[in-house]
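Given these sequences and hints, build the entire structure.
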Amino acid sequence: MFSRAYKLAVTVPPLAWVALFLLTPYLLMFCYSFWSISPAQTIVHSWNVQNYRELVTVSVYWQTLLRSMWIAARVTLFSLLLGYPLAYFLSFYGGSRKDLLYQLVIIPLWVSYLVRAYAWKTILGSDGVLNTLLQYVHLAKHPLEFLLYSPFAVVLTLTHIYTPFTFLPIYASLEHIPRNLVEASHDLGATPAQTFWKVIFPLSIPGVLAGATFAFVLSLGDFLAPLLLGGPSGIMISNVVVSLFGAAYNWPLGAAISFCMLVLVVALLFVSERLEKKWSFS
Amino acid sequence: MNWRRKGQLGAIIAVVLFTASCAKKTPTLNLLVWEGYADPSYVKAFEDAHHCKVSASYMGSSDELMAKLRGGSAGNYDVISPSSDVATSVANAALAAPLDLAKFPAYKQLSAQLTALPLVRVNGQVFGVPFMWGPDPLIYDTAAFSNPPDSWNVLWDPKYKGKISVWDDLSTVYMAAQVLGFDKPDPAQLYNLTDEQLDAVKKKLLELKPNIRKMWSTGGELTNLFQNHEVIAAMGWPLMTNQLRKINFPVGETIPKENTTGWIDHLMITAASDNKELAAEFLEYMIEAKTQKQVTDVTGYTPANPQAAQFMTPDQVRNLHLDDVDAYQKHIYFWQNVPRRAKYNEIWNEVKAAQ
Amino acid sequence: MSSITTSATASALDSPRDPASLLSIRSIAKSFGSHTVLRNISLEIGQAEFLTVLGESGSGKTTLLRIVAGFENATSGEVWMHGQRLDRQPPYKRRVNTVFQNYALFPHLTVEENVAYGLRVAKHPADEIRTRVHEALAKVKMTAHAKKKPAKISGGQQQRVALARALVNRPQLLLLDEPLSALDANLRRQMQVELKSLQREVGIAFVFVTHDQEEAMVMSDRIALLRSGELEQVASPREIYSRPATAYAAQFIGHTNLLKALVRGGIAQCGSLSWPVDLPDGSAFFSLRPESLRVIIAGSPSPGSLPLQGRVVHQAFHGATQLARVECSGGFELTLRTARELNDGIIALEFSPPDAIPVRESPERL
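Protein chains in written order, with our numbering: chain A, 1 to 282; chain B, 1 to 355; chain C, 1 to 366.
Treat the hints loosely; a few may be bogus.
Label-pair distances were calculated between CB atoms; the ranges are [unchecked claim]:
#, chain 1, residue 1, chain 2, residue 2, range
1, A, K278, C, V193, 36 to 44 Å
2, B, Q125, A, T57, 53 to 61 Å
3, C, H318, A, K278, 29 to 37 Å
4, B, D48, A, P25, 40 to 48 Å
5, A, H142, B, K44, 43 to 51 Å
6, C, K260, A, H176, 15 to 23 Å
If you are wondering where the hints come from, they were derived from the structure by calculation, not from laboratory data. All C-beta atoms, glycine included, are put in the ideal place defined by N, C-alpha and C.
So, in structure tokens, the structure goes:
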């Protein structure tokens, strides 16, 4: 048995860490969101809900939030459409190359986000690899400009970046499915397609939910992809937050938006957790 | 924890403390400045002469500088280079330390027109030294224009849909106001626009959006946009023109007939700096004529110290308009403090977020 | 039960086709890479027969079952059912169902949905599915648990659901892969009886894989004894016990004493013992079951039996009987089965020479 002192010694530091570096900043942010900014650009510590009212009334903010969610939803969908077949193939048909292929999927995660974003710039740009190729084979007369500095580029890049995040939990959940269930299904007369939809897919739902949550939450809060690859209209909610905390020095409003996002994300995690539980059987 | 563990921990702490104390022996001067203001070509000599290390962070915009200073990171930097738009705010907010001009022999050589401005004077104290100045010119790809453009209106030309770039900064708001003629009769009006004028500016900028390929936020980014043929015209800094010329890119630069905004960058020592002595040495070094010439070589900006001209070729002197500063400055409205900065920012954010 | 003559050694092509045969396994071989798991297996399984494939772990019994089910492809050989090639069809087209070792119930479906699975994928009408599922669950006494998820019921109950799930499809052949190995001893004996009576009731063929010889003896019509990928003997439990074909079969099925004797001129010689045999000259193995040895309590041995003496070295209590190990004067040990505990010391024994069954020596494999 562990002594009381030992238990305290192992539990207190992480709790203190979380309290100090996670809860305290959140609490501060929450306070900021009820303060305001004076015309002389100083923060006034008077409590009011003006910032939250502004969120609802000034269309820029909620429209950008909605647009960010729409971008995140598309990224989630495409990441799942890419990540699931990849995970499925690897888990069921990887054979002896499984480990190697798994590593190949994971390796991009070790490459800096910025490097990958810049790589897309060189691929999608007007002078980029793709446009050069399209013109070379006479599929396009002029460089296709929607490829870069556009919502397309943002969705593409985020999909590329977050596909491993959807792949991993889906792969884990597929690996978790006892193979004799698949055999049992075939044995009972189900075709491979029926087996997939009636056995494999339902049992991989926890992985799909976890992957979708990763992709959605991470891309919702992304600001680098829109900054680097988004067009003049491609800003997302995090860019607004960055500009409010940075350029505009309007911390209270930035905090209010951040807090709304936090609530949104926590609600999302809560729902996804509940659904995952509902769909996991052990 | 047994004695051996304690011993190990003690050893680790000792090593950390020792390394930390070693690090203290080489003083480090931390800069938060515009790109191009910490080039090794002149910083290296200062480092060698003073046995110190100069470590530079670059600021993307005046607002970023203000956000960092006000956000509590002022203590991380010793020297800053606020432009004329926020220099007054920095001085007013006591974020910078007052300067003892006796310590700056080169100060007397600086252009009197610049030192005479009230920008960095508060209660009779001087908080910064003018360092470099220049316009926000129209930069263009000469290969794309048979006739060199002479008006900001070229940016709005439907012919150039998706082919231009502007700075992700309030300067773009000033520029649009200028195009709308709000600088007449008083150029200072650009920095104090009324709500109606701001609405008109917003409308004008929304009309510009279809033409914008990308808003640039660092100098390197705009250089890249030109280089990769993503854009053919933009509002930029002379720095980008200089960089593009160095790689033999066919670049042109002009001050359009509507005139342009410009800036005077000041060097200041932060109030929170632990290295004020060394920082003062650095400021003096940076405004000496010889250093000023070197900074010009890197940035293409005009030096605040006219004596730098003696180290330059006649061509360079002409290009920088050092031979006729007064006439040149008539076309440049130097940035000033914007009392309603939050409102300007809101307008700018709305423009950026609009579809 | 239909009695089928099975030749384990005859080649597949010239083996007589028995009209009562349901499944015909012909010269099946299987290798994983360089590792050979099955060698030249031929086996006929009759309608409604309960055949047990018995073997130690690694003998290839599960692989054989998986080839019939379609989860593995044989390296060579054929599987026929009702005059049709079975081994060319994917598993979902075979009218064969399997009860898996760990039941393989679908964890996300209820008991009822599990049982209905096969009928649903075959797109049977909904009311038919309901009736048949109900019947199947009633047959295995699981109606009360119909709405539960598999994780909520016990191992024995899962076993029944797995049976119902397979049987509801009315297969002609049910494959069972060590279905009782996960149950504890009591439940296992109970399920052995239930399984056997269920098989009689539904009247279809069962191919039952186990490593437990007792289980095989209790349940099977016939036992196919598999050793290192080859069939050792295929016969009814009684026959395999009383007339084991090989030394391995004799030792694996029940207890036995294996005597190595030298035959010369129709006389077998083992230590001090000798008895007449009808075998050619050379060395030979004989299986002598422990119950064939009798203790001579008083007087002289029975006429025609062979007397011998030995010292009791160990006795083990087995309920109704005892197994005693006796060290004989010839320098070999014998095990005998007695009704009562023996006194320590020297005892006199006897056996009838016909009870010593000549068996083939099993060649070393692998």
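Hint by hint, here is what the structure shows:
As the Cβ distance of A/K278 to C/V193 is approximately 40 Å, the hint placing it in 36 to 44 Å holds. The supplied range of 53 to 61 Å is broken by B/Q125 and A/T57, whose beta-carbon atoms lie about 43 Å from each other. A hinted range of 29 to 37 Å for the beta carbons of C/H318 and A/K278 is inconsistent with their spacing of about 53 Å. In this structure the supplied range 40 to 48 Å holds for B/D48 paired with A/P25, their Cβ-Cβ distance being about 42 Å.
The hinted window of 43 to 51 Å between A/H142 and B/K44 holds, with their beta carbons roughly 46 Å apart. Look at C/K260 against A/H176: about 53 Å separates their beta carbons, and that is not inside 15 to 23 Å.
Checked against the numbered hints listed earlier, the structure breaks hints 2, 3, 6; every other hint is satisfied.
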